[in-house]
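Visitor: What follows is each chain in one-letter form.
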Amino acid sequence: MTPRTPADTGPAAASGQLSRLRSPHLLSAADLTPEEVLLILDTAGAMREVGTRPIKKVPALRGKTVVNLFFEPSTRTRTSFEIAEKRLSADALNIAASGSSVVKGETLADTARNLEAMAPDIIVIRHQASGACHLLADICSSRIVNAGDGMHEHPTQALLDLLTIRDHKPDFARLKVAIIGDLLHSRVMRSNVRLLTMLGADVWVCGPPTMMPAGIELQGVTATSSIDAAVEGADVVMMLRIQLERMSGHFFPSLREYHELFGLSAARLARARPDVIVMHPGPLNRGVEIASEVADGPYSVILEQVSNGVALRMAVLYLIAGVSEGVD
Amino acid sequence: MPVVMDPGRISRALMRIAHEIVERNREVDELALVGIRTRGVPLARRLAANLQEIAEREIPLGALDITLYRDDLMRHTVGPQPLLRHTEIPFSIDDRRILLVDDVLYTGRTVRAALDALVDFGRPRAIQLIVLVDRGHRELPIRADYVGKNLPTALPESVQVRLVETDGADEVLIQQPAAEEPA
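Protein chains in written order, with the numbering used here: chain A, 1 to 328; chain B, 1 to 183.
Just so you know, the hints here were simulated from the structure itself, not pulled from any lab data. Source: prediction; values computed, not measured. C-beta atoms are modelled at their ideal positions from N, C-alpha and C, and glycine is treated no differently. Check each hint, because a few of them may be wrong.
To give an idea of the interface, some chain B residues facing chain A are shown, with a C-beta separation under 10 Å as derived from the structure [as the list claims (entries may be wrong)]:
hint, residue
1, THR67
2, LEU68
3, LEU73
4, PRO82
5, ARG85
6, GLU88
7, GLY122
Which chain B residues stay away from chain A? Per the calculated CB distances, all over 12 Å, these [said to hold, decoys possible]:
hint, residue
8, ARG9
9, GLU23
10, GLN52
11, LYS149
12, ASN150
Working from the sequences, and respecting the hints, build out all of it.
Guide: Pasting the structure below:
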């Protein structure tokens, strides 16, 4: 705004600290550099203050149109994006698959071209097909934010998980993080593994052998089917939801047996560090992957994850909007 | 680079402004200082110390980041996107007289954004503007109530305020555009 000297942008700019993202899209956590991840987390930290004001709204995205295009059911993520958009004064528009022309047989590409004709500035998309957001980014000139694509990635969830972890344990490189549950179907796991290993955390993944993605060790994690080994000495225990809706076959004999072998109980959690935090991306299957006493217990930060989601998504939308067209 | 204010001048200007504040505002208890990030914040802190000395009152102190109120988020094609920093106003601004502090008053757009940001926190009784340097070239109908130094400048010149807290030294510099200035 005020075209002053470069020095006026502050000591952060002078010291070479990153102040913008390189890409106008957030499609995959794998596309981010560690500096970009920290920029997003720092920006989210500052965004939290907006939520504490009497008037929880700032004009940063005034006059910008954001379309939330959700082909899968979602309460938390969609609401979280919508609140974030409204707090930034963007015009938010929700399109759910059930109420749209998708049920009439329109393809994703056609839906995207039609949306494109209405020139939204940002499209937030959730789709059951991995890579749907990439297709959209290729077709549309809008900026695209991935809100979950199939079994591929869910970058904003992983980023809000990192924000929550950092509130409690600021040095990622010293952490043992155990990610436990339905690894095969989990885009939350994939995004988290990418970011946590990038920041130097010791990441363990644990689940039934039938739900262990092939070659997961190549991502720099330790894979195990023993929940006790995964939880032992962990700083962070991240539980994943059993995604019954994505399962095409039988991965384990019964939910009860799953809980016995892979559910997080208070007794199991005692193996972790005394200051462990327990996370879950929601929605919870109580008594399946996590016992109620743990989900509601003193180590649980599950609701903090939800509050952090709004600030994190504000940060992502704001930073995405600030990327200049045609400038790398 | 010509130095237009040295540490002595900066500190005398801030003391004079503190005296003017007390002179113009009878109810010192109604006052609160809000510095605009980055350099308005240390300036506000110094003014608070001066006011404490003169009026023997502790004036509440806040910091305002105006990044989210800028009018150019998707407009500039080059140059850094400003880093978002924390806004901290740990008191109610309702019915207070807010002393808004910035280092340089130039186009007036930063102050416009700061006014929008402030009224989102409540309804102050009044807002007064304090700047260390007024360099002219306003693009909006905004003026300062307290000015450390009026500094006539040419548009291509740039004014740099450096403070001990942020830059390691107290000085105000005026920088000529490199290409057009014969040596």
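Visitor: Can you name, in rising order, the numbers of the hints this structure does not satisfy?
Guide: Nothing - there is no hint that the structure violates, so all of them hold.
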